Amino acid sequence: MTAEKAYNNYYSLLYSIAYQFLKSKEDAEDIVQETFLKWMKVDKENVQNSKAYLIKAVKNACINFLEDIKRKKVEALAEINFQISNYQLNIENSYSEMEKELTEVYANMLKKLNSKEQAVFVLKSSFNFSYNDITELIGTTSENARKIFQRAKVRMQDDAQRFEYDKNTFKSFFPSFFKAYKYGDVCDYINVLKSDFSNWMDKKNPQS
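At position 44 of the sequence shown the residue is numbered 44 (my numbering), and the sequence of numbers has no breaks.
No wet-lab data here; the hints were simulated from the structure.
Fair warning: there could be bad hints in the mix.
Stated by the list, open to error - Below, in silico cross-link-like pairs of lysine to aspartate or glutamate (DMTMM-like), each with a Cα-Cα straight-line distance of 25 angstroms or less:
1) K167 to E117
2) K171 to E75
3) K41 to E29
4) K112 to D133
As the list claims (entries may be wrong) - Beta-carbon label-pair distances, calculated as ranges:
5) K70 to Q33: 19 to 25 angstroms
6) V105 to E67: 52 to 58 angstroms
7) Y165 to E97: 19 to 25 angstroms
8) D185 to K25: 49 to 55 angstroms
All of these numbers come straight from a predicted model, not from anything done at the bench.
Glycine included, every Cβ here is placed at the ideal spot set by N, Cα and C.
Let the sequences and hints guide you as you build the complete structure.
Below you can see the structure in the form of structure tokens.
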């Protein structure tokens, strides 16, 4: 059977079969066209039943087409997962580097500022608290909080160490500070500051 005769006789049948597989007009047309192009190169003497041959060829082409789409989807999903994993890894690496840097800064601060200065300095410089909000924590005026912050900034730039570094103090403060810095939730850190500031005031003004 010639290619032209096969095309005229079986195109509609082959298209309907391809469409049932692919549910796409364009893809079904492409599959049938490719099948007929391949059919033109086939030695017809070795084909006993042209119709059965073409039907099988279209079905196989559709199956291969769908498997190729599935493979590409799997590869695309794997690539997306890879990108996400790399992104998450980069974030974790960034957080690790950030934690290392903040550890040094916070430890240095403990050597230079008292509890009140620490509270004002961190809340203002790291979390952008207003002076009015800070006054509620340390029990002073907005103007005094401003002066404390300015004084703390100067002392942080000074090389002089005013206090001995205390690991226990660092362990009490830094985890909640880093959590606040990392996630933006300052509640735990403020509670730690309140407790420390209360203790600091008790030591500063012991009851007789």
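Hint-by-hint comparison with the structure:
Between the alpha carbons of K167 and E117 the distance comes to roughly 19 angstroms, so the proposed pair stays at or under 25 angstroms and holds. Between K171 and E75 the CA atoms are separated by roughly 46 angstroms; this puts the pair beyond 25 angstroms, and the hint is violated. Simply put, K41 and E29 have alpha-carbon atoms about 19 angstroms apart, close enough for the 25 angstroms limit, and the pair holds. Taking the CA atoms of K112 and D133, the gap is about 23 angstroms. The hint holds against a cut of 25 angstroms.
As the Cβ distance of K70 to Q33 is approximately 22 angstroms, the hint placing it in 19 to 25 angstroms holds. In this structure the supplied range 52 to 58 angstroms holds for V105 paired with E67, their Cβ-Cβ distance being about 56 angstroms. The hint said 19 to 25 angstroms for the Cβ distance between Y165 and E97, and at roughly 22 angstroms that hint holds. For the hinted restraint 49 to 55 angstroms between D185 and K25, the CB-CB distance of approximately 54 angstroms keeps it satisfied.
When held up to the earlier numbered hints, the structure conflicts with hint 2 and nothing else.
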